[in-house]
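**Q** Each chain is listed here by its residues.
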Amino acid sequence: MILTPNILARLVAIVIAGVVLQLSFFSQVALFHVSPDVLPALVVVLGLLGGSLTGAVCGFWVGFLLDCLLIAPLGGASLVLLSAGYLAGAFRERFEIHSALVPPLLCMGLTLFAELGFGAVELMLGVDAPISGLVVRDMLLKSIFAFFAGWAIYAGVRRALRPALVEEPMARRGRRPTALGA
Amino acid sequence: MYRKQVRRRRAVLALLIVGSFILLTATYGQGSNGVQRGVSTIFSPLQDVADRALKPARDLVNWFDETFDAKGENERLHDELQVARKQAVGAKTALAENAQLRKLVGLDKSGAIPSGYEPVTGRVIARSPTVWFADVTIDVGSGEGVEVDDPVVNGDGLVGKVAAVTGGSARVTLIADHSSAVSAKIVPSGTQGVMKPSVGDPEDLILDFLDSEKRVGKGQSVVTSGWRGEVVESDYPPNLPIGEVVEASLKQQEAQQQVHVRPYADLRDLDLVQILTGGSRG
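Chains as they are written, first to last, in my numbering: chain U, 2 to 183; chain W, 46 to 327.
These aren't lab readings, by the way, just hints derived from the structure by calculation. Take the hints with a grain of salt, since some may be wrong.
Which residues of chain U face chain W? A partial, calculated answer using Cβ under 8 Å [said to hold, decoys possible]:
no. : residue
1   : THR5
2   : PHE26
3   : VAL30
4   : VAL58
5   : GLY77
6   : SER79
Just so it is clear, CB atoms sit at the ideal spot from N, CA and C, and this is done for glycine as well.
Please take these sequences and the hints and turn them into a complete structure.
**A** Next up, the structure:
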């Protein structure tokens, strides 16, 4: 990813929009009694498109903003999401994405990882109440939602960051030649 | 160059991880801090606008979730409906029984049950599991005056006769049983014959040993003849309706001296029956 001030501004906008959307929309809706969590998927997509460093940095700031707006102890969400972003970026740096299914599947897998990570952080910080088995269902459903959300997020973020993507085929961005060759 | 990049990447990653732990350690246990208050102040108008703008979309998604919930409730209501339906079926069964009992009463009043017999009403409580539809068990026995060889009828016609009896139950051999043979006659012609079963098909009885000189037509009724000799007599009283001739080809009548009869009583679906106790026997 070629980072220019314009692209940086877009990244900041994507991160803020993602967190605000999560808090104002996704956290307040319920499908099968579970609220979708799109932030891990967003961080995964940023990692896939921008690499491990971009993924980790975006993950950190998404988590930071989230903790700030939720008035939660800072650092917990950052730690988890930067890991997810880094892993997604590392995957992108090592493997080619040959199938359109890879981003949503990675979103699903790393969302599960992130949810487990959030749980681990919570446990690390101390959980006094007994834990219900429903948390497992919650995590699994969130991962499944992330699979579907991953399609849309990947397409949208890719479109927003298209000028910065070095591997974006030129032919797709170019105009279709006319009969006069103009 | 690549190594430098990798080193820088790792350094940033380590910095972020360490930074996260520092933040976590520093802010854990605090209600809120200056950074959070500042960020909240900046973002709260944006959140407020987003919250209002996205409310219709939220409502829409939540409507879907509630619809799924309603589906679950619908299933619960379905279960309740099934219970109610069972109760309704029970009520219908009671009505059907009532109709059967009325038929039996009608049979009594029509004079089909000959004088001297005391009808005892019983319910079929068991059936033969074989395809032969040979016998059923009823819930009345010797305690109610039922004896072996008592004829059994239902509202439609002859069913069979009692083959065995206990204090509170009796086994009825149906007219479709392979051992059954009922002396019968065609009305109004009076042609005599013996009604035998067509094994395996309770819908088809054969009136055999007919007088080949007399023609039997399709649709004619068959009743018990109730003959009585000097030493032996029929187990069945005369004129109990048995069935209707459904197949009476000339060739069959001349060559085999038989016609096919469909019993009036539905031998596959017996519920309430009357046992004609007493009678002239003995």
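**Q** Could you run down the list of hints and mark each one as holding or not?
**A** Evaluation of the provided hints:
no.	hint	result
1	THR5	18 Å, violated
2	PHE26	5 Å, holds
3	VAL30	4 Å, holds
4	VAL58	7 Å, holds
5	GLY77	6 Å, holds
6	SER79	5 Å, holds
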